[in-house]
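Peer 1: These protein sequence lines map, in sequence, to chains Z and Y. What the first sequence shows, in the working numbering, is residues 1 to 374, in sequence order. What the second sequence shows, in the working numbering, is residues 1001 to 1200, in sequence order.
In case anyone wonders, no lab produced these hints; they're calculated from the structure. Worth double-checking, as some hints may not be accurate.
What the hints assert, rightly or not - A few chain Z residues that face chain Y, going by a derived Cβ cut-off under 7 Å, partial list only:
1) D127
2) S308
3) L358
C-beta atoms are modelled at their ideal positions from N, C-alpha and C, and glycine is treated no differently.
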Amino acid sequence: MVGRRAFGVLGDALGKDKRPIEVGLLYSRSGGYSLFSEACRSGALAAMARINADPAYDMCLLPIERDPGGDVDLYGPLCEDLLRNTRARHIVGCVTSWSRKEVIPVLEKHGGTLWYALPYEGFEASDHVVYTHACPNQHLLPLLDWALPAHGARAYLTGSNYIWGWEMNRLARERITAAGGEVLGERCLPLGSREVGRILEEVRATRPAFILNNLVGPSSYEFLARMHRLASEDADFSPARCPILSCNLTEAELPALGAAAEGLVSAGPYFRTGGAGGFGSSLEAAAHAAVLELARLLNGRPDAETASLPALLENAQGPAMIDRATHHTSLPVVIARVQDGIFRTVKALPAVPGDPYLARARTPAAAPILRVVS
Amino acid sequence: MRIQNLGGATAVILHRPHPTVQALDRQLRAIGLQVSQAWPDLGPAALGADFVFFDADMGHDEQFPWAPGQSPMPMVALIGSEAPGRIEWALRAGAHAQLLKPVGDNGAYSALLIARDAFDAQRSLSVEIADLRRRLDERQTVVRAVTLLAAHGARDDAAAYGRLRQMAMAWRVSLEDAAARVVARLTAAEEEVDDRRDRG
């Protein structure tokens, strides 16, 4: 299906008198997090096909793909390859924050722009990156605001051993302890590891009110499968009594989880039942939105594709999707629970601007203005 | 360590107009700070800023409305030429952290947090040192208080010292403050006695 879409991108382009613009795609189609990659990739390709078929756009977007195969050390070189050896200045890609941080120096060196369509841990606002999915004020904080009163403030934290797991757990710990709650345990696993036994033992021993799962890919699938089995043996660990929460679970991963998905809670900008606009998941939607916005910014502006991101945003017409200070976007917040294989909305909040440094949308009491006491 | 958010904090960049200033300005605004620029001098308004970024290449002491090393807020040096003399000056001026020029897409956030931590540590040490100094200076008062208490009924110097400590605990003040009170009271009492004797 994806292949047919890719063909469609080019097929539509050939027939029209449109200026061709090469756009890089940097997604790992194999490896532990390929389900995320495929969701984003199909969203990006669908958007390109739509642009290319639409006479209102004076361009056709030509995808130039590079596949790091899940090897974090290949992202930098392949990004460099795109920026040096093709005409692509804009790259839609990267799943993990680790890989994003690998490509940023390359983008700086060559003046390229990355369109990043995954939820991430915040505390970044690169001049070379557009962030079209959620950051913590759009996922983790509203999720905890809901979970602490609903389920209690005794938490177990887990995550993959890189910046996503570490920072998400740090922020969660800060929030939970500030609310008078308690973190009963925290354990991270190397990316790709399935050695979840110790985490299970700790969960069983501490009996938390909820678990925050920041594991990625195979670690997460193994952990959730084992938790599902544990819940069938001991009702204390059923989703109703000890829900497992995450900020990166979407429909894209449900096939890998099967029955173990039942009862999982996730926060994100959309779910298929909550207004994802016909997309398979919010990942697909965020990559699709990224490409549409890129096309909108380039439309009717010859050679704009060679401009830097700030220059492109500076002279943009019409309502801006991207905040010019942070390069983040405004997104709704939906908290949803998997029920009969489908995410059902538990709570929906209106759109909130991405606030990567948690500096903006907070009450004065929560965000004391720094004052020097001399 | 709890990372406080920086939203609403103010920063002044003391640097001549330059792409480095623009890049730093962008980073700071993205983090949520309010930014202003100053050159060639920091005006008095800078006294209210939460952070100062200053040019280490062209900087000199007269640009600051405070004595070298006495800034009332964390300071970050913007270092272009890593010449020993310039680094020495930046340190003397009171840099709590540094950012290398040209400033690009990152570095400001860690510089802010490191500068603030160094500033806070320095300030709490200064307060502690000032307190220790004051207490050192007041050793003489403690000696006088012990002597006076010994003259007013205490068995010996050790017993007088013990009484002084008990008073400090009862009054919930430092030993030095208790000594000052004892000296004030007993001296006043003695003077009263002297007065009466003179009148009598």
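Peer 1: A closest beta-carbon separation below 7 Å is what the hint needs, so does S308 (chain Z) meet it against chain Y?
Peer 2: 11 Å, violated
Peer 1: Please verify that hint: D127 (chain Z), Cβ, nearest Cβ of chain Y, below 7 Å or not.
Peer 2: 5 Å, holds
Peer 1: Hint validation: L358 (chain Z) versus chain Y, beta carbon distance must be below 7 Å. Holds or violated?
Peer 2: Holds. Min distance 5 Å.
Consistency with the previously given hints fails for number 2 only.
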